[in-house]
Amino acid sequence: MDKLLADKHIAVRRNVRTFCERELRPIAAAIDQEARFPWEIVEKMAALGYFGIQVPRSLGGAGLDTVSYAIIIEEISRVCAALGLCVTVHNSVAVYPLMAFGTDGQKERWVRPMAQGKKIGAFCLTEPDAGSDAGAVSATALADGDHYILNANKVFVTNGGVADICLIFARTDPAAGRRGISVVVAERGLPGFVVGDLEDLCGMRANPVSSIRLYDCRVPRDHLLGRCGQGLQIGLAALDTGRMGIAAQAVGIAQAALEEAVQYARQRRTFGAPLENHQAVQMMIADMATQVQAARLLVYRAAALRDKAEPFSQESAMAKLFASEAACKVSDAAVQIHGGYGYSKAYAVERYYRDARVTRIYEGTSEIHKMVIARAVFQNG
Amino acid sequence: MLNDLTGNEMEKSVTTFHTIVCIKAVVARAPRGKIIRSTENNRFNPFDRPALETALQLRSHYGGRVTVLSMGPPANCAVMAEALAMGADRAVLACDPALAGADTLATATTLAAAIRKLAPCHLVLFGTRTSDSDTGQVGSQTAVALDLPLVTGVHALSPAERHLQIERTMDHLVESFEVDFPAALTIRPEIHSPRDIALAGLAEAFDTPKVEMLTLADLDLDAKETGEPGSPTRVLAMRPCEHERQCQFLEGEAVDLADQLIRQWTQKGLLN
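Protein chains in written order, with numbering that gives the first Met the number 0: chain A, 0 to 380; chain B, 0 to 271.
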């Protein structure tokens with residue numbers, strides 16, 4: 000696999016893995032159980048550039064390419080998917096739209112501190128009645144002189160409990176339907192900015208997923224990102240990149256589950272032989288390894304296309320669909336190989352199994368991705 | 000040439016305090032005894048990282064610059080780039096087919112020739128050993144080839160105005176030294192935890208490669224002194240070794256168990 004990668008990518012993987020094994024591995028199970036956001040590690044990651052992976056160095060970022068980004072998310076998620084989630088969401092659907100659609104002033108104001116990890120970003124699209132159906136958002140940002148007045152009830156906001164800079168999808172023109180949706184940046188601490196209780200989730204528990212509610216929040220007009228009515232376009236562009244991050248995260252979880260299963264199959268003996276000698280287990284391991292490798296190739300391919308400035312939307316949708324389904328299948332098989340122990344929190348596969356499940360749901364469900372892919376296939380003949 | 004740096008010259012050149020750190024790209028795996036030197040299989044010798052960290056911390060104190068030096072094939076460039084990403088100012092790789100097959104003596108000869116080219120310098124640092132061949136000889140041999148004062152196994156070091164205060168532990172005694180420049184040191188890993196490499200550093204080091212290559216001709220060396228011809232020792236064969244483990248349960252009272260353990264360890268030569 001690594002033959003497809005440049006020396007830089009190999010070095011990035013090695014260094015990120017070393018860091019994660021040393022810093023994250025020892026606490027990954029505990030922060031999952033405690034549902035605790037590990038600030039002490041986040042600060043170290045911030046200092047090393049994990050919060051501005053693709054931001055140019057002139058803006059305080061690391062200036063890496065998309066393939067490196069995918070590798071970094073994969074490696075963090077291999078050890079702790081919840082922190083992989085924090086880093087990918089911050090980089091892809093918070094920082095990237097600001098980079099792509101922001102003015103120089105907005106980049107200086109928001110992207111620079113975000114790239115240095117001094118401020119954490121969140122993407123606030125989903126509402127109780129809008130998610131996959133993004134055009135159905137009911138949040139509003141109504142112009143009032145030099146300000147917008149924001150009212151929103153955003154739910155399942157990844158990083159919500161710690162986010163400083165939130166991209167709010169809201170209707171600036173309630174009469175204009177899908178074309179009336181815009182992105183307005185709201186900063187934590189604003190009067191009327193309320194962070195809801197943290198969600199008690201099945202997996203990804205170390206990520207402070209919460210609701211964010213805005214009650215008559217006044218933000219200056221220059222907090223509008225891009226043009227008025229450009230919201231869905233910004234959202235789709237962000238999600239093209241974001242879903243690649245989630246796909247990379249799914250690869251990381253699947254890889255971790257595969258490694259645990261292989262290790263367990265070597266040591267655990269049944270019927271007088273290690274599990275690895277039983278053909279039933281060999282078949283499962285072969286399927287798992289193939290799924291992981293295929294998912295990884297799809298992710299790297301989408302990332303490489305993006306680096307070459309070629310269209311990658313379809314490829315990233317395929318990567319997200321395949322990798323998230325693979326993560327669920329592989330972690331399920333890893334639990335199966337562990338038998339009863341795999342159902343116990345004493346073994347890491349139990350966490351991987353829970354963490355994998357949401358990758359099929361967030362940043363576009365598998366079903367939405369199939370719609371995206373099918374549309375592209377029919378369009379391209 | 001290195002020893003020509005007197006105190007006065009030291010004063011003049013204090014703004015350009017120069018440390019050369021000799022590093023090695025070690026082999027991570029050698030399946031079936033076959034050594035493959037590739038980016039995938041090469042690692043920055045973990046015992047050299049604390050030496051580079053020491054140099055970087057000394058640079059923070061004295062200012063100046065840090066050069067990393069290595070010998071090996073072009074595949075080692077990735078490890079050199081990692082050293083640049085970690086903070087080294089310059090990376091120099093002695094790279095020539097005539098250098099292949101070197102043992103520790105031929106390696107030291109080559110490194111010494113390169114260090115002469117890179118002089119003036121105040122300090123030459125080495126790790127104490129490597130995680131692959133693990134001879135622990137190259138640092139000492141290079142210092143001898145350069146006729147440099149040498150302290151091996153340094154585990155603590157503090158910079159003073161014109162010298163280093165150094166400690167090393169030998170036979171349960173802590174030895175303290177005051178070492179003038181220039182000098183060579185082999186650094187024990189416990190001296191400093193090497194810093195993590197920032198992602199921006201990796202991007203920069205790999206996107207704008209600046210590893211400099213030195214050939215045999217650049218080094219003013221004769222092919223007879225280097226590589227296999229310059230190596231008095233030969234590796235005849237490599238084979239994986241089997242580590243056989245035994246598990247034995249002892250029975251009895253605690254005092255009796257302790258006696259049994261001590262007897263067994265003594266018989267196996269683990270205690271004396």
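FYI, nobody ran anything at the bench for these hints, they're computed from the structure.
Since we're looking at a predicted model, the values are computed, not measured.
Accuracy of the hints is not assured; some may be wrong.
Calculated from the model, a selection of chain B residues having no Cβ within reach of chain A, i.e. all distances over 10 Å [what the hints assert, rightly or not]:
1) Arg42
2) Gln56
3) Leu149
4) Phe176
5) Ile196
6) Leu198
7) Thr265
8) Gln266
DEER-style ranges, computed between Cβ atoms [as the list claims (entries may be wrong)]:
9) A:Ala293 / B:Cys246: 28 to 34 Å
10) B:Ser175 / A:Thr17: 52 to 58 Å
11) A:Ala46 / B:Lys209: 33 to 39 Å
12) B:Leu270 / A:Ala279: 44 to 50 Å
13) B:Thr207 / A:Thr17: 21 to 27 Å
Beta carbons: idealized from backbone N, C-alpha and C, even for Gly.
Contradicted hints - numbers only: Per hint list: 1, 5, 6, 9, 10, 11 violated.
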